[in-house]
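Let's have the full structure, built from the sequences with the hints guiding it.
Under my numbering, the residue at position 414 of the sequence shown is numbered 414, and the numbers go up by one with no gaps.
The following label-pair restraints were derived from C-beta to C-beta distances:
1. G355 x E377: 28 to 36 Å
2. I209 x T342: 26 to 34 Å
3. V386 x Y413: 38 to 46 Å
4. V197 x L357: 39 to 47 Å
5. E363 x E537: 54 to 62 Å
6. V95 x G578: 36 to 44 Å
None of these hints come from the bench; they were simulated from the model. Every residue, glycine too, gets a C-beta built ideally from N, C-alpha and C.
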Amino acid sequence: MIPVQLLRKVSIFEGLDDGQLQKIANLCREEIHVAGSLIFKEGDPPSKFYILREGRVALQMAVRLWPERDIREMTIETLGPGDPFGLSALTDSDVLTMSARALDRCRLIVLQAAGLRRLMDSDHEMGHRISSGLSSMVAERLRDTRLKLTELLGQSQVALERTPEESTAIRRIQYGINFRWIAVVGVVLITVAANLVFGITFPMLPVFIIAAMIAVYNLMFWRYTERLEVQESSDVITKVRTYVWVQSAADLLATTAIIHFAGGVENPLSLYYVFHVILASIILPYTLAYLLATLAVGLFSTLVILEYLQIIPHVHLEGLVPFDLYLHAPYVLAILFAFATTLYISTYLTTAIAGELRKRQRETVALRDRLLLEAEELQKANEELVRLDRLKTYFLAMASHDLKTPLAAVQSYLQVMLGGFVGELSGEHSHMLERSSARIQELFDLINRFLDLAQIEKGKVVEEMEMIAIQDVLSSCVEEIKVLAAQKSQELKTEIPPDLPMIYGSAHHLKQVVTNLLSNGVKFTPEEGTITLCARELNDHLEVAVMDTGIGVAPEDLPHLFEQFYRGKAGAAAKGTGLGLSIVRRIVEAHQGEIWAESPYDGVESGAKFVFTLPKGQPAGIRVFGD
Numbered sequence: 001m002i003p004v005q006l007l008r009k010v011s012i013f014e015g016l017d018d019g020q021l022q023k024i025a026n027l028c029r030e031e032i033h034v035a036g037s038l039i040f041k042e043g044d045p046p047s048k049f050y051i052l053r054e055g056r057v058a059l060q061m062a063v064r065l066w067p068e069r070d071i072r073e074m075t076i077e078t079l080g081p082g083d084p085f086g087l088s089a090l091t092d093s094d095v096l097t098m099s100a101r102a103l104d105r106c107r108l109i110v111l112q113a114a115g116l117r118r119l120m121d122s123d124h125e126m127g128h129r130i131s132s133g134l135s136s137m138v139a140e141r142l143r144d145t146r147l148k149l150t151e152l153l154g155q156s157q158v159a160l161e162r163t164p165e166e167s168t169a170i171r172r173i174q175y176g177i178n179f180r181w182i183a184v185v186g187v188v189l190i191t192v193a194a195n196l197v198f199g200i201t202f203p204m205l206p207v208f209i210i211a212a213m214i215a216v217y218n219l220m221f222w223r224y225t226e227r228l229e230v231q232e233s234s235d236v237i238t239k240v241r242t243y244v245w246v247q248s249a250a251d252l253l254a255t256t257a258i259i260h261f262a263g264g265v266e267n268p269l270s271l272y273y274v275f276h277v278i279l280a281s282i283i284l285p286y287t288l289a290y291l292l293a294t295l296a297v298g299l300f301s302t303l304v305i306l307e308y309l310q311i312i313p314h315v316h317l318e319g320l321v322p323f324d325l326y327l328h329a330p331y332v333l334a335i336l337f338a339f340a341t342t343l344y345i346s347t348y349l350t351t352a353i354a355g356e357l358r359k360r361q362r363e364t365v366a367l368r369d370r371l372l373l374e375a376e377e378l379q380k381a382n383e384e385l386v387r388l389d390r391l392k393t394y395f396l397a398m399a400s401h402d403l404k405t406p407l408a409a410v411q412s413y414l415q416v417m418l419g420g421f422v423g424e425l426s427g428e429h430s431h432m433l434e435r436s437s438a439r440i441q442e443l444f445d446l447i448n449r450f451l452d453l454a455q456i457e458k459g460k461v462v463e464e465m466e467m468i469a470i471q472d473v474l475s476s477c478v479e480e481i482k483v484l485a486a487q488k489s490q491e492l493k494t495e496i497p498p499d500l501p502m503i504y505g506s507a508h509h510l511k512q513v514v515t516n517l518l519s520n521g522v523k524f525t526p527e528e529g530t531i532t533l534c535a536r537e538l539n540d541h542l543e544v545a546v547m548d549t550g551i552g553v554a555p556e557d558l559p560h561l562f563e564q565f566y567r568g569k570a571g572a573a574a575k576g577t578g579l580g581l582s583i584v585r586r587i588v589e590a591h592q593g594e595i596w597a598e599s600p601y602d603g604v605e606s607g608a609k610f611v612f613t614l615p616k617g618q619p620a621g622i623r624v625f626g627d
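Next comes the structure, spelled out in structure tokens:
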């Protein structure tokens, strides 16, 4: 048996008396978990509530900060003796929001959540105290979770998570390294094919040496990129851009050397410079991209001019072009012009497109962050609404007992006095007691209205639905209202066909709807007036209408007639809570029907007509309030 003294130390059980704690203790059992064992897993349905008696337990959450990264288990909170966990089992959660793992050998007090909830429902005071403590603890744990995640975001294990822009930049570096391996193989194959297959002769050894040098520095770049991926950095983009510019500059130097040994200006593959510029311009900002394009133009122009001036020897592509083509000034100038314009235009187009894409990417990230913040605020607001709704439910449950019981006692005392059982009353005293009794009855009605709303919102209407005969419901309502109508000499008419089809509904709540509408008709219709109840079958539903020849409804009141606590001009002087028609609307909507009011109606100069519809048979889906 779990000692009551131990439960008294648990925060959510504070304020409970020994009797209440003993009831909880009767539901408890003890479990032992070895170090490292999983107590429950995030995402599983909640069924148990735990209290840690000995040892330590880690609450863990699976976190994925970016879509491209793996899910990580992060410890949100470490619990010690006396700490409760598994709070989701006592709320309306469908799944557990965290995992719990034993860090040491742990002794746990375990309660089946369903049993504890039944206990809370049966003892409203206990339910209110536990619910209040639970709400405070959930809010505190949510704050701790947010603080922990914020703290982890500043640590190294999360600092490695890249933004989409950073991830894209590093990925493109890897693409460049892969393309460079392909280029090395391509240079070797083209050189061999040109000499041995097409008969275009030029020295192959220098080209092979340069290709080998490219392979060596590409291997160095590959190793550095691996370190860059796991390196902590506060400015990854700047490092990546510098790194890309260095790689591109090395590629341009290597390309210039290969072009020199493979014909210089005679080589038609000299336009391959543009590939280096385009690939780099995708990542680099405008300034560095144009600087790289200028470097490419400068290197190639310097090579061509030095060969033209015969400062460095020219390597002729034997079998492809005339020997002295590199000395033909118009040709050389045309090639240089085409080369320079091609590179600068390519740089402009690439940087413009890439810059716009980066801008859109940053806007998308900013929008995502803003939506995440708004979603967090909405989640917090929703949790607060759930908490308030739970407290409201417990308040209304207590109202049915803690308020109605003493009111009933007072009402019975008043009836005893009014009945003359405690002595004769003077006229004034009798009048005062009658007014007091009437006020207490109004308070009874108000409490009952609130309880009706709570039952409707909890889905009780749907739970009570079955196939019923609507004409039986209408007839019973008429029998109840006949007495009220007779007191005012009013005529109560009915037009109810005996062969109306069966409907799927709650007879109790539909009777409440019709009785409310009929009693309103009696209340707001003068003496010797007429109230009519009629029903008819339409295509796929039934229509029920209550009509009267009373004072009617003002046009400005019609749009608000079914709102909570709204009382129109006509009803301002009459007694009431302003909840009746609101409850009527909710009941009708729970049956997937509609309700509206007309005033005046059907050519009648005064009076009001209230109409509601109900689907025939069983609807495909039933609305449950509060879902």
